[in-house]
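Order-wise, the sequence lines are chains B and U.
If you use numbering that gives the first Met the number 0, the first sequence corresponds to residues 0 to 90, in order.
If you use numbering that gives the first Met the number 0, the second sequence corresponds to residues 0 to 464, in order.
Read the hints as simulated data drawn from the structure, not as lab findings.
The model shown is predicted, which means the values in this text are computed figures rather than measured ones.
Where chain U lies over chain B, by a calculated footprint (3+ residues, C-beta under 8 Å):
| no. | segment |
| --- | --- |
| 1 | 11-18 |
| 2 | 22-32 |
| 3 | 35-42 |
| 4 | 68-81 |
| 5 | 84-90 |
For glycine and all other residues, C-beta sits at the position ideal for the given N, C-alpha and C.
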Amino acid sequence: MDVSELKITAELANLNLMEEEFVSLGREVEKILDYFSKMMEADEGSLPAGTERCGANRIRPDEQIRDINPDVLLENAPELEDRFIVIPNVL
Amino acid sequence: MESLFKRWVILSDSTMRKKYEAYIKSTDAKIAAFLEFDVDRGLGLAAEVGKGGELEGVPFAVKDIIAVRGFRLTCGSKILENFVSPYTATAVEKLIAKGGVMVGKTNLDEFGMGSSTDNSALGKTNNPWDTERVCGGSSGGSAAAVAAGMVPFALGSDTGGSVRQPAAFCGVYGLKPTYGAVSRYGLVAYASSLEVIGVCARSVGIARTVFDIMKGQDEKDQSSLNSGTDAPEPEAGVIGVLGGNLGLDPAVDRAYRATIDFYRSKGFEIREINLSMADYYVPVYYTIATAEASANLARYTGIRYGYRPGYAENPEELTRKARSEGFGNEVKLRILLGTYVLRSGFQDQYYQRAQRLRQAIRADFDRAFTRADVILMPVFPTQAFLRGQGGLDQFQQKLADRFTTAANLAGLPALSFPAAVSDGLPAGMQFLAPAFGEARLFDIVRLYEEHFPCPQPPSCKPEWS
Chain B
0 MDVSELKITA ELANLNLMEE EFVSLGREVE KILDYFSKMM EADEGSLPAG TERCGANRIR
60 PDEQIRDINP DVLLENAPEL EDRFIVIPNV L
Chain U
0 MESLFKRWVI LSDSTMRKKY EAYIKSTDAK IAAFLEFDVD RGLGLAAEVG KGGELEGVPF
60 AVKDIIAVRG FRLTCGSKIL ENFVSPYTAT AVEKLIAKGG VMVGKTNLDE FGMGSSTDNS
120 ALGKTNNPWD TERVCGGSSG GSAAAVAAGM VPFALGSDTG GSVRQPAAFC GVYGLKPTYG
180 AVSRYGLVAY ASSLEVIGVC ARSVGIARTV FDIMKGQDEK DQSSLNSGTD APEPEAGVIG
240 VLGGNLGLDP AVDRAYRATI DFYRSKGFEI REINLSMADY YVPVYYTIAT AEASANLARY
300 TGIRYGYRPG YAENPEELTR KARSEGFGNE VKLRILLGTY VLRSGFQDQY YQRAQRLRQA
360 IRADFDRAFT RADVILMPVF PTQAFLRGQG GLDQFQQKLA DRFTTAANLA GLPALSFPAA
420 VSDGLPAGMQ FLAPAFGEAR LFDIVRLYEE HFPCPQPPSC KPEWS
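Chain B on its own, in the form it takes in the complex:
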């Protein structure tokens, strides 16, 4: 993977990489992708892609459940003003 591809990937992943990270992580990514190409040898033929072993899709009723108090959830917010989470200016 060349540097421009790595830059696009980092952008999509919401990561800022330092110059030295582009080198070190780039090298690791390259090595692993190279290794992934082993999969090209395999004859995957007409196999379907998927993860489900048993296809049952279980869903629950669309009802509001409040087993956690929202005030407790807000205790983990980095910065609060009353019950609002503070973020930098959007515009």
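Since the structure of chain B is provided, determine the placement of chain U on it from the hints.
What follows is chain U alone, placed relative to chain B:
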């Protein structure tokens, strides 16, 4: 029947408790298995549900990627260093309902990504057999705490071997249940289609009891399932083994052969099986695991919870800075890989192909289990390795996942056990069974345990017992 936990009923008696806490203090100063340890808080959670369960007064620990209300949930990451969990995972809740006392949270590779626990941003955990060596990972703190005699069992999570490999490195039992057998509610997501909550334990009986308590369908996890039958498992008669050169270190190779000889001498039929997809486990595993990680870890934005940088111009910059400053190198690497294999234009080549090969791996195991009742294989090609030079680098560690990742890709249960102690270090083996065949695993490993009980690291002598 004498209770399995008899010598572990510690926390109902104040004198025993003092001795216990003193032992933890002196032992964990060397091992550093715990990120947080608080008996009072654990007793508080137990007191909320009343008295009389089979685990009453018994301490246990939980990998710090599984939620326990009132305890931190760091995932070994700087990004969640100060996060306090507002709720408790279903699996832990069930153990507390039986009287168990959750005494502490154990160290791990950041978000479960690694094989040594050295990828934790919050400290290193040493192997109780040799503190110069890693304890394995990613549930390294849990395995080390059990091996050092600090708890009879500790929960871990197994995405690609993360319970079984540290259990093998530390010389304890490590169960990776069937995918879906234990609710994942409260397990912080890394690779959702692969991972499951498991247990490191001091004995097969303890692992079995803990699994029986934790298992079962949970409405809070739609992928959780009941096994569907309570019929006793037929006993295993045929053990499938791997042929050819497995590329094992000599000590692990000797242990594998000796384990096969043991079962042969006990009347089991040993049959060599051919797992034709074995070369693809690791690339398929890392393609799928990193893809899922890149999606699951997108939630860490620095806005609602977690690490927030000192200054950011706007919300986008806030998120980028939080992630770039909050995640460690291995996590960044896996997010980058996962993002790449899912990118438009590359998805067919990597992710889709891996998903198809995963189906082929499953089919391969279905075939293998028509020829054998269980499959015996090593856990890891080496024993616990040294840090730095003389150890394994991150890439070599990934390649060495070739025996553990199969069970995760195929959703199968696997139980690792201390098969031998060689050169002062344990060597672990594992059995795999068809889905929901945990009972078969416990039965066959118990036979081994009767002849070769769980070894104790020479430097750790629990004094309260």
